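A.B. asks: Keeping their order, the protein sequence lines are chains W and P.
The opening position of the first sequence corresponds to residue 1 in UniProt numbering, with each subsequent residue numbered one higher.
The opening position of the second sequence corresponds to residue 1 in UniProt numbering, with each subsequent residue numbered one higher.
What the hints contain is simulated information worked out from the structure, not anything from laboratory work.
Do not take every clue at face value.
No copy is singled out in the list; a pair is fine if it fits within one copy or between any two copies.
Restricting the straight-line Cα-Cα distance to at most 25 Å, the calculated cross-link-like pairs of lysine-lysine (BS3-like) are [to be verified]: (1) K570 - K98; (2) K365 - K350; (3) K98 - K147; (4) K130 - K304; (5) K507 - K98; (6) K304 - K134; (7) K4 - K570; (8) K591 - K94; (9) K374 - K134; (10) K287 - K548; (11) K507 - K94; (12) K11 - K441; (13) K365 - K548; (14) K507 - K552; (15) K285 - K130.
None of the values given here were measured: they were computed from a predicted structure.
This is what each chain is made of:
There are 2 protein chains.
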Amino acid sequence: MSPKITTELLKQLRQVMKNPRYVQEPVQAYIVPSGDAHQSEYIAPCDCRRAFISGFDGSAGTAIVTEQHAAMWTDGRYFLQAAHQMDSNWTLMKMGLKDTPTQEDWLVSVLPEGSKVGVDPFIIPADQWKRMSKALRSAGHDLVPVKENLIDTIWTDCPQRPCKPLITLDLSYTGVSWRDKIVALRSKMAERKVMWFVVTALDEVAWLFNLRGSDVEYNPVFFAYAVIGMNTIRLFIDGERMMDPAVREHLQLDSTLEPEFKIQVMPYGSILSELQAVGAGLSPKEKVWLSDKASYALTEAIPKAFRYLTPYTPICIAKAVKNAAETEGMRRAHIKDAVALCELFNWLEKEVPKGTITEIVAADKAEEFRSQQKDFVELSFATISSTGPNGAIIHYKPVPETNRTLSVNEIYLLDSGAQYKDGTTDVTRTMHFGTPSAYEKECFTYVLKGHIAVSAAIFPNGTKGHLLDSFARSALWDCGLDYLHGTGHGVGSFLNVHEGPCGISYKTFADEPLEAGMIVSDEPGYYEDGSFGIRIENVVLVIPAETKYNFKNRGSLTFEPLTLVPIQTKMIDVDLLTEKECNWVNEYHQKCREVVGAELERQGRHEALRWLLRETEPLARVQ
Amino acid sequence: MSPKITTELLKQLRQVMKNPRYVQEPVQAYIVPSGDAHQSEYIAPCDCRRAFISGFDGSAGTAIVTEQHAAMWTDGRYFLQAAHQMDSNWTLMKMGLKDTPTQEDWLVSVLPEGSKVGVDPFIIPADQWKRMSKALRSAGHDLVPVKENLIDTIWTDCPQRPCKPLITLDLSYTGVSWRDKIVALRSKMAERKVMWFVVTALDEVAWLFNLRGSDVEYNPVFFAYAVIGMNTIRLFIDGERMMDPAVREHLQLDSTLEPEFKIQVMPYGSILSELQAVGAGLSPKEKVWLSDKASYALTEAIPKAFRYLTPYTPICIAKAVKNAAETEGMRRAHIKDAVALCELFNWLEKEVPKGTITEIVAADKAEEFRSQQKDFVELSFATISSTGPNGAIIHYKPVPETNRTLSVNEIYLLDSGAQYKDGTTDVTRTMHFGTPSAYEKECFTYVLKGHIAVSAAIFPNGTKGHLLDSFARSALWDCGLDYLHGTGHGVGSFLNVHEGPCGISYKTFADEPLEAGMIVSDEPGYYEDGSFGIRIENVVLVIPAETKYNFKNRGSLTFEPLTLVPIQTKMIDVDLLTEKECNWVNEYHQKCREVVGAELERQGRHEALRWLLRETEPLARVQ
């Protein structure tokens with residue numbers, strides 16, 4: 001992968017930063033955040049402005065361009081990738097390292113006195129605006145909204161915003177109708193005494209209306225906003241897709257309905273003016289509820305005294321706790337996903353020694369096997385298919401320039417997942433198709449111990465996920481090792497593979513407590529730059545735990561793995577496992593045999609079944 | 001302990017809340033925070049306003065009195081104590097429980113429209129003012145400063161503010177002279193481009209000038225402020241104590257000094273006007289550094305644009321990392337402290353069966369043994385001497401009404417410590433002088449496993465203490481048990497027994513990373529209301545750890561116990577310990593034998609030595 005040459009682009013950007021056609025006054029710095037107008041993590045090609053200007057296309061990163069400098073902030077997952085993708089015009093700012101300045105501190109250190117820093121008010125979340133604006137102001141600078149996106153002005157071949165057909169989901173998938181979701185939302189609004197709720201996150205719009213789309217790759221969402229009043233529902237969405245009879249029927253657009261359930265469909269682009277009209281018409285005490293991560297532009301549409309901002313919306317919190325229909329769907333999706341991976345690993349075991357399987361071929365084959373499964377829609381993220389040193393690039397995606405051939409001499413790491421109509425999967429397995437070294441096995445076993453420590457953890461109701469993060473690291477820490485990413489993220493139900501408000505990370509302090517029905521990933525790892533990467537990831541469901549005692553009647557929780565794919569026993573140094581850990585592995589493999597074995601049998605996939613049985617032989621621990 | 005009858009006092013307070021002599025406009029609510037003008041945790045009798053109005057005298061709690069209600073917020077350590085000490089005029093707000101409203105939410109729910117909420121601006125920290133003021137304003141109320149403290153107006157027999165003699169500490173105790181500390185502070189100020197630093201915390205003033213006092217019980221501090229400029233030093237302190245020749249010599253008040261080290265001594269009460277003068281005389285860009293926990297009154301003295309506020313001051317951070325002289329002092333203090341406790345436990349073992357030893361007698365005896373040790377100054381906090389059900393009151397202090405007799409049938413918990421001129425101690429041991437039940441041993445062993453999990457933890461440089469908190473709970477969680485307090489706090493060096501900026505708690509997210517040289521406590525527990533309390537506490541020093549590997553050359557840390565007092569093996573269910581845990585106990589006891597044994601020998605305390613040898617017999621684990 002060679003870096004993108006950005007000299008000319010940066011020159012053009014610096015010109016428009018001074019061009020009165022676009023800016024009222026010249027801006028001395030311009031911030032290019034990662035997201036779109038919905039603060040999405042995965043974005044449509046037309047919104048990949050940061051990748052366009054810098055070349056770095058990881059899922060997280062913020063670019064800042066000044067007259068003299070161009071700098072990129074990203075986290076540990078992307079240090080290597082960003083360094084590879086960016087040319088020497090760019091300085092990489094490694095977030096999480098002690099000496100890396102914050103964006104604010106860096107701006108203050110490089111800007112001339114009394115500078116203006118520009119940003120697109122639709123792209124920057126209100127909470128970030130506030131923090132950045134305050135820091136800049138206290139140093140004598142100004143953060144200013146630049147209405148026209150300056151990247152768009154120099155991006156001559158920018159693709160169109162997508163507007164694809166919608167999928168309607170019936171009760172067998174969602175468990176709750178959109179009308180009942182609106183009723184529940186309005187009751188939360190009444191509790192907080194707010195009259196309006198503005199839905200800005202794409203997955204929240206999709207969840208609320210039991211609709212899915214494909215405007216953004218990997219995320220089954222569509223570009224839309226919604227504004228829910230106590231008696232009105234406004235959906236801001238473009239395109240012919242609202243002419244689809246199935247969609248009209250699903251939303252009851254042509255039925256005679258109680259007025260409070262009548263959906264008014266409005267153009268996507270009219271959200272700002274409509275919201276400004278709402279803001280202008282408010283009586284005293286009528287509050288409007290927004291996420292504090294909604295864009296600065298939409299937040300400003302509501303006068304400050306009328307805003308009710310929270311880090312997590314009631315939809316975000318309700319969406320995270322899966323109901324019985326969603327949980328069952330997730331179980332089905334993970335069994336199908338396991339079938340596909342058993343087929344893949346069985347196939348790789350035979351093909352890798354021939355020396356013809358590249359990372360891309362393996363990734364494509366994984367997709368092929370998945371696509372054979374019922375209700376498959378698409379992948380849930382770009383497959384990380386990486387062998388040897390590529391495995392150390394934490395969010396690697398194979399491209400022709402980096403594509404490496406799998407061999408019996410290197411560790412292979414596959415982090416992949418899919419969207420099925422009944423659920424979303426995300427699984428990482430690390431395999432060796434030859435004979436792993438003692439050191440590779442040692443590292444793998446520490447990661448496995450961390451994975452088990454989280455998966456088998458029992459903790460009181462009300463515990464936040466970040467309190468479990470150190471369990472995943474303890475075995476690595478004991479030997480002086482660690483990994484520079486969080487341990488887990490929330491997973492949507494046929495929705496975004498990363499979702500809030502819960503997670504397991506040393507960084508996430510604003511997470512909501514874990515509750516039975518929530519679904520998160522458990523994915524510790526270990527990476528040696530230039531040599532290999534190890535990660536073991538299951539998606540796990542939060543379930544009530546049985547305990548000997550019950551302090552203060554709080555009840556306890558634990559996790560049930562939804563992912564049922566064998567963990568390669570060849571990579572395990574059994575002597576490093578405790579008896580309890582050894583039993584965990586054996587019980588997990590027994591469940592894989594029973595549940596996935598039955599499905600392989602049912603689908604007539606006998607060779608893959610034999611592979612599964614071989615890979616799930618119990619570990620024997622010599623005490 | 002019977003509750004304080006507060007009906008009359010509340011009536012008087014509600015009258016002055018409307019009295020134009022004290023308030024410009026009537027206030028509908030009045031907040032009585034826990035602290036003094038220095039945001040101290042331990043306060044002088046004249047500052048115990050919350051205890052005066054409510055009866056609840058725990059170390060943490062905030063009272064709010066409205067026209068109709070009186071409510072007290074406190075944390076899990078004090079739920080039982082507060083319930084015992086307050087009469088029915090008061091509602092107890094149990095912080096940390098899910099359904100407990102915040103002070104702001106509660107105020108909003110009970111206040112009539114457009115209310116004024118009063119508070120003493122010298123007592124409320126600026127960060128709390130800001131949060132509370134914002135929340136109230138957004139609900140249509142106002143937080144207003146009430147200059148005259150309304151509790152003081154009704155507290156007719158309020159004691160005088162203490163003004164005791166000072167102790168000077170030479171280099172053999174402090175390792176660094178006050179001049180060098182000023183130099184280091186000014187270099188931190190230059191780094192942040194601030195011209196002035198305001199020292200508001202009493203332990204920071206004491207540490208900076210290598211002085212100690214006894215104005216506040218248990219904390220060797222004195223009432224003072226300091227304002228450090230790049231070329232000036234102003235110390236605000238009252239009383240004849242500055243006439244003491246030793247103090248004058250120590251501070252070089254009568255020497256010819258470079259002007260930047262010349263200390264100007266000013267009256268304690270002149271801090272506000274002096275700071276206002278500093279604030280009025282600032283040139284643009286001249287910043288003043290204050291803790292964001294400094295009082296609202298002092299913070300407001302500096303115009304907003306000139307304030308530089310941080311959660312932890314450079315003194316707080318420097319003070320936390322003990323130098324070689326301080327560490328050696330802390331070691332000596334802990335050996336002496338262990339000698340006193342060996343004497344005590346040996347004595348208790350003989351006396352308790354006679355049925356004459358009460359909690360107060362035991363606490364007094366502990367103080368007597370400690371006071372026999374060299375450089376003993378005073379206790380470092382009120383001794384928690386509690387037996388049976390009193391042990392479940394987490395910060396219990398025996399008083400005649402509750403004083404219970406120790407017996408061979410109940411668990412005894414002793415949490416105690418002392419100030420020695422060379423260091424501060426804080427140790428908890430839980431003992432049974434008869435035969436503990438299987439259940440008591442089981443609970444004790446879970447607590448011990450948690451204690452060891454923290455003490456033996458290895459973690460990367462840069463790790464914050466709160467990431468270790470769950471290690472202390474894991475064994476309890478596995479059985480559905482837990483405890484409602486943090487696991488550890490920073491400990492001063494002949495200073496406050498609780499100090500920032502580090503700690504080990506599920507609540508402390510703003511803690512600074514642990515560094516070699518920091519000293520914290522490790523004190524998990526388990527409490528059954530009405531029945532018993534268990535806690536095992538050592539003070540531990542953060543030290544570099546040797547590890548097999550060294551990821552990213554970050555280096556690793558671990559803890560070395562400074563406390564060297566036997567952990568009662570009779571209470572341990574050895575079968576519940578892993579081999580590693582068993583070895584930890586045996587190695588710890590071996591060290592107690594060697595180090596404390598030698599000192600007992602040296603002091604000729606042969607009976608206590610025999611007790612120590614008996615109590616440190618190695619555990620035998622049958623596998």
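A.B. asks: If you test the structure against every hint from before, which numbers come out violated?
C.D. replies: 1, 3, 7, 8, 9, 10, 12 and 13
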